[in-house]
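As a plain string of letters, each chain reads:
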Amino acid sequence: MMNETMKMIKTSRVKRKRRFIMMTFLMAIISLVLCGLMLMLGNTIYPVQDVIKVLLGEQVKGATFAVNTIRFPRMVAGLFAGFAFGAGGYIFQTMLRNPLANPNVIGITTGSSAAAVFCIIVLNASNAVVSIAAVMGGLATAIFIYLLAKGTSFSIGRLILIGIGIQAMLTAFINYLMLIGDTHDIPAAMRWLSGSLNGAKLANLYPLILIVCICTPILMYFAKRLEMLELGEQAATSLGVNTNQTRVILIITSVLMIALATAATGPIAFISFLAGPIAKKLVGVGFSGLIPAGLIGVILVLAADLIGQFAFETRYPVGVITGIIGAPYLIYLLIRINRKGDL
Amino acid sequence: MKSTSVLEKKQNMMPRNFIKVSLLLIILLGLCILASLVFGSRMIGWTDLLNGLFHSEAQSHEANVIRQRVVRTIFCLLCGAALGVSGALMQSVTRNPIADPSILGVNTGASLFVVCGIAFLNISSANQYIWLAIAGAFITAIFVFGIGSMGRGGATPLKLVLAGAATSAILSSLVVAIMIPRTNVMDQFRFWQVGSVGSGSWDAITLFIPFIVVGLLIALITAPALNAMALGDDVATGLGVRTGTVRIVAALGGVLLCGAATALAGPIGFIGLLATHIVRLVIGPDLRYIIPMSALSGAIILTFSDVIGRLLGSPSELEVGIVTAFIGAPILILITMKAKMRAI
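From first to last, the protein sequence lines stand for chains A and B. Counting from 1, one number per residue, gives the positions in the first sequence under this note's numbering. Counting from 1, one number per residue, gives the positions in the second sequence under this note's numbering.
No lab work stands behind these hints, which were simulated from the structure alone. Do not rely on the hints blindly, as some may be mistaken.
Label-pair ranges, simulated between beta-carbon atoms [what the hints assert, rightly or not]:
1. A/150 with B/240: 42 to 50 angstroms
2. A/332 with B/61: 57 to 65 angstroms
3. B/43 with A/124: 27 to 35 angstroms
4. A/206 with B/34: 53 to 61 angstroms
Every residue gets a Cβ at the ideal spot worked out from N, C-alpha and C, and that includes glycine.
With the sequences and hints as input, model every part of the structure.
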């Protein structure tokens, strides 16, 4: 009897593990295919062999320019920003045990945007400064909201409400900057209102790439503790997790990723919100959804960008598409959460 | 018998400091009006002010400026009053201290409908905006409230705010999506969006007045019933209040007011939240007094914000919606921090 139960548990675990690996693998494949499509599609469609030749450094008439200077940076921007938004959002959602508590809703991305727009319009700063400012803005907002919410006793609900209040102020500030800005600065700043991959340049993407490469292993290492945090504060403490330290490290790393992604592409709506829940649904429970969430982020950003570029007569920036795709899901999730009374 | 009469007396009693508060508010209102006439990118002296106001034949530059500012100020007062009362109604209907047209996403709903009107129906006059904005505001309000009130505990502040924020996010994506391919719409809409009260004109005011009158009447008529409903729906029903009808009518009044104000002045947030909160703190929960006082303090806050915006933004101006967000959002945060955990 005992043996049988053990066996059942074991097989189901193996099954779940297999499913997790399969799904993650599948997501990686889809991401790769989308990356390929990003390089192939455009005003002129280049076949796979041409794209590969270009990537290997050969000169192909026409293709070299289009792929190297336009499509490749665009693809890289989408790839890394998508991963950063997805993984960072997942960390937030898991840590705060609420899918709605993501950087988008509680105003951290708006903090990054506000700092970046300020640098572009008022200081006429270089790209490096803009990136740093975006990070500082995001971190400062996160810390500020956390301190305000901590107050008497910490509650997620309070954190979200305060975040929304801060966001209203930051948005007003951005609007003000847009009004006083020179007309030729506005297009650059406009990107900060709805994310876009247009005009991505490889030179501006290095900070993001670097941070994603550094932070992902850190997050993976801490993801184990994150799962324990998920069990609740007390349970985690009794399992020997230093909850405060873990939380601070997780917040800082994920805000870094999200802020740099915001600096590179603007706040692409809903990615950090959607990726986590979708990934969890696909890979099932019991495993860290960090990498799957990042991959889903990549898929969403690249797919939405392809849709935005080619599905309609006008080209829409990726943020508009993800906003419209993400919205029904958000509403659905809200309804479900409200029904369950989790809030 | 005796106890009921005591109860009745107590119910009809005016809040103790009502007269003092209303006097204070009226004085403040006067000061704001004066400031709104005098300050701006160009200061106007006393003689010019009087000339412009009372000598219609005076043709100096200053006199003309004053006449412009008179229109602006009246428009501002009306918008502020409408938004203040709208906030009071919405907070009472949703039984929620932070219900405000901007937080519930109602403004964005109005925006979306106006954009659709400009883009697809070739609408360009305020007469037509106003109905679209009201329709948009109403549909959004129902939608947000519907989602926010699902599940246990009804419409708690957190649920409503999240539903509002989510809906706002969706609607503004749609607004951008409609605007991007149409540059002419973007231009027209940008003016509406920046709107501010500077766009006020006599036409806008005459268009606005019927809405304000109807909205205010609805507010005053439903106030006693809403007071009863504050004690709980069961008690209200016991007192002979038709809760469903009252709720719908009062919500309609609130949406009418904020929809009309949004249509004419563009999205302005937080006035309802601020005005009603301050008033409730000072004179207590009786809606019959809160409503007129909210109208007064809404007008004061909006006019004050507008003056601040003109001074800070000089020589041009800072749109009033930006100023109100800066004053209002900290109040929202304060309310949240003070609120008890269970209330969220």
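State, for the Cβ atoms of residue 43 of chain B and residue 124 of chain A, whether the hinted interval 27 to 35 angstroms holds or is violated. Cβ of residue 43 of chain B to Cβ of residue 124 of chain A: about 32 angstroms, so the range 27 to 35 angstroms holds.
- Can the suggested window of 42 to 50 angstroms be confirmed for the beta-carbon pair residue 150 of chain A and residue 240 of chain B? 47 angstroms, holds
- Check the following: the C-beta atoms of residue 332 of chain A and residue 61 of chain B are separated by a distance inside 57 to 65 angstroms. 59 angstroms, holds
| request: Determine whether the Cβ-Cβ distance between residue 206 of chain A and residue 34 of chain B falls within the hinted range of 53 to 61 angstroms. | output: Holds: the Cβ-Cβ distance is about 57 angstroms, inside 53 to 61 angstroms.
Comparing the model with each earlier hint shows no violations; every hint is respected.
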